[in-house]
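K.L.:
Protein chains in written order, with the working numbering: chain A, 2 to 374; chain B, 164 to 357.
Since the hints were made in silico from the structure, they are not lab data.
Be aware that one or more of the hints could be misleading.
To be verified - Example chain A residues on the side facing chain B (calculated, C-beta under 7 Å, incomplete): (1) Gly-15; (2) Val-57; (3) Gln-61; (4) Arg-135; (5) Cys-148; (6) Gly-149; (7) Ala-150; (8) Asn-155; (9) His-164; (10) Asn-190; (11) Leu-191; (12) His-194; (13) Asn-195; (14) Lys-196.
Stated by the list, open to error - To list a few chain A residues with every Cβ distance to chain B over 10 Å, as calculated: (15) Asp-67; (16) Arg-96; (17) Val-171; (18) Tyr-216; (19) Val-228; (20) Asp-357.
No residue lacks a Cβ here, since even glycine has one placed at the ideal position from N, Cα and C.
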Amino acid sequence: MGVVHGQEMVLNIGPQHPATHGVLRLQVKTDGEVISEITPYLGYLHRCFEKHCENVSYEQVIPFTDRCDYLASMTMNFGYVVAMEQLMDIKVNDRVEYIRVIMAELQRIASHLLATGVFGLDLGAFTPFLHMLRDRERIIDLFEMTCGARLLYNYMWVGGLSHDLPKGFVEATLKFLDYFEPKIDEFENLLGHNKIFVERTADIGIMPAEVAINYGVTGPNLRASGVNWDLRKDNPYSVYSKLDFNVPIGKGIKGTVGDSWDRFYVRLQEIRESVKIVRQAIDQLPKDGDVHQSMPKKIRPPKGSIYSRTESPRGDLGYYIESDGSDTPYRLKMRSPAFTALGVLNEIAGGWLMSDVLAILGSLDIVLGEIDR
Amino acid sequence: MKRYFTDIYESVSSILGGMSITLVHLFKARNDNVTLQYPEEKWPRPERNIGFDHNSYNVIRSRLHVDMDDCIGCLKCERACPVDCIKIETEKAPARGEDLKEIKHKGVTSNGTRKALVVTRFDIDMSECCYCNLCTYPCPEECIFMTGGPNAKKHPIDYEFSEPDRSDLIYRFAKKGAKEGLAELNNSKQEAEA
Ligand code: SF4
Ligand code: SF4
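Extracted from the complex, chain A is given alone in its bound form (with noise of 0.2 Å):
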């Protein structure tokens, strides 16, 4: 007897939906339970940032960089400072860097155990997500400390940072890794090596490195596939040379390499190799420095244009700035890693069952702010 081909329904997800982080609509095509096409419908939250950023000092772009990726923004800030110090060729000195990568590292560790975290929640595991939000909330207390906002910092500027660290913050740091380090591990037994969830995510989902490089999925998606790229190591910026830290990859422990699951583990990798850099960074870090010491009064870059590439939690973020010689950009371009690893869902998630769509989505951890801009 043959397969029995049933008509062709056409479903909607979203764009209310809470599985689709944030405001997206998927059309799918359904025989079924099975998916034959997935359609993502964008622009639910266009806030035209790029083009209200041409309006804007160069100062002020920051609190949109802020806004992007809302749940990395010390990485969206440190993405543009990078860049544009790189247009107006200012060098900070080594208090503002490590600093920069002690903000940038816990706020990768706060992004990717939200990432996990929910993506243990599309799937029903509800315990998780909610240990993982309570030590978030003591990353997010560290910002709270250093620069009052607990979301959106606007804490890195062009040439150095608004402020110095607050008295404390070293200790509060060191006795917050100090609580957190045994916690990665307790996470990994509740919820990688549970039975459901490796039954949910092994073997769903996979994509094979090609696939991964021809659509150009960067960051933790494209490690989990077993490529090793990881900006921070392949293309230094900022003090991350001087750091001693592993790239994790993905090794198809459970099930084949590049599968849902080597991607949720690939972040918990990450969240080890960052508190290691966060320690070192805090050894290391300069008594003394101002911390606007390089700060240009008045951010008049020169005519040109730079593009520029940082590692954010989500991969490659890329900078293109514009400059007429004025004081508000030309045209400022952001590349979101978020964006191509959502253009790859078709790719991976057809010809699966519904519900692994949710899984497979949540396993590429996008952040839809970031997407649509």
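Fit chain B with the ligands to the given chain A structure using the hints.
P.N.:
For chain B with the ligands alone, coordinates are given in the frame of chain A:
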């Protein structure tokens, strides 16, 4: 056959693993409590050191406050704001650096700057504000700050300022009746001259 038994073993062990974590939390529930009965209980606010000593300064983000007695109306904060939610209007003062008792205008700021302008309108729309703090840095008199700033006793840090009406979130800092009072003053001066 082997697969069947490993499946059973893994299922049971992962359930036991999860349950043992739950058990640990059950006994540490008192120390590990993260849920608070919100309006009655609140998280303690982090220790803050606020003031103008930049070495021990904790930045805060809260609602904005302006000390009008110190504001010289230089518009620097208005220009720094990326969302244009600060609106300032100024008028020339009759005499530089002199108090105008009628409209409660102070002529000299606490930094000793003599004011040439009277601020007749200083509105901040807090519902538009994105709490970026950019307006507080360029102020030459350090008179615009997030509450809890230099005078923390007078303006306690306050994160809960919801209002039933959106227009209540437009904070008007200019002295009441400054515009009309100033016009009256100028009129009476002209009449006296005539
Ligand atoms: S905090 Fe930012 S958005 Fe709010 S008034 Fe100041 S500059 Fe404008
Ligand atoms: S920058 Fe300060 S002094 Fe100038 S208008 Fe604003 S609040 Fe007043």
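K.L.:
Now, for every hint given, state plainly whether the structure supports it.
P.N.:
Hint-by-hint comparison with the structure:
At its closest, the beta carbon of A:Gly-15 sits 27 Å from a beta carbon of chain B; the interface hint therefore is violated under the 7 Å criterion. Taken as an interface hint, A:Val-57 checks out: its beta carbon lies about 5 Å from the nearest beta carbon of chain B, inside 7 Å. At its closest, the beta carbon of A:Gln-61 sits 4 Å from a beta carbon of chain B; the interface hint therefore holds under the 7 Å criterion. Because the closest C-beta pair between A:Arg-135 and chain B is about 5 Å apart, less than 7 Å, the hint holds.
Taking 7 Å as the C-beta cut-off, the interface hint given for A:Cys-148 holds, the closest approach to chain B being about 5 Å. At its closest, the beta carbon of A:Gly-149 sits 4 Å from a beta carbon of chain B; the interface hint therefore holds under the 7 Å criterion. With a cut of 7 Å, the hint placing A:Ala-150 at the interface with chain B holds, because the nearest CB-to-CB distance is about 5 Å. A least Cβ separation of about 5 Å between A:Asn-155 and chain B falls short of the 7 Å threshold, and the interface hint therefore holds.
Against a cut-off of 7 Å between C-beta atoms, the interface hint on A:His-164 holds, since the closest Cβ of chain B lies about 6 Å away. Evaluation of the A:Asn-190 hint against chain B yields a held restraint, the C-beta minimum of about 5 Å falling below 7 Å. Taking 7 Å as the C-beta cut-off, the interface hint given for A:Leu-191 holds, the closest approach to chain B being about 6 Å. Proximity of A:His-194 to chain B holds as hinted, the smallest CB-CB distance being about 6 Å (cut-off 7 Å).
With 7 Å as the threshold, the beta carbon of A:Asn-195 comes within range of chain B, its nearest partner Cβ sitting at about 5 Å, so the hint holds. The closest approach between the C-beta of A:Lys-196 and any C-beta of chain B is roughly 4 Å, which is under the 7 Å cut-off, so the hint is satisfied. Non-interface status of A:Asp-67 relative to chain B is broken: a Cβ of that chain comes within 10 Å, the nearest being about 8 Å off. For A:Arg-96, the requirement that its beta carbon stay farther than 10 Å from each beta carbon of chain B is met, with the minimum near 14 Å.
Annotated as non-interface, A:Val-171 keeps its C-beta farther than 10 Å from every C-beta of chain B; the closest such distance is 14 Å. A cut-off of 10 Å between C-beta atoms confirms that A:Tyr-216 is not in contact with chain B; the least separation is 34 Å. Even its closest Cβ contact with chain B, about 29 Å, leaves A:Val-228 beyond 10 Å, as expected for a residue assigned away from the interface. Under the 10 Å C-beta cut-off, the non-interface status given to A:Asp-357 relative to chain B holds; the minimum distance is some 20 Å.
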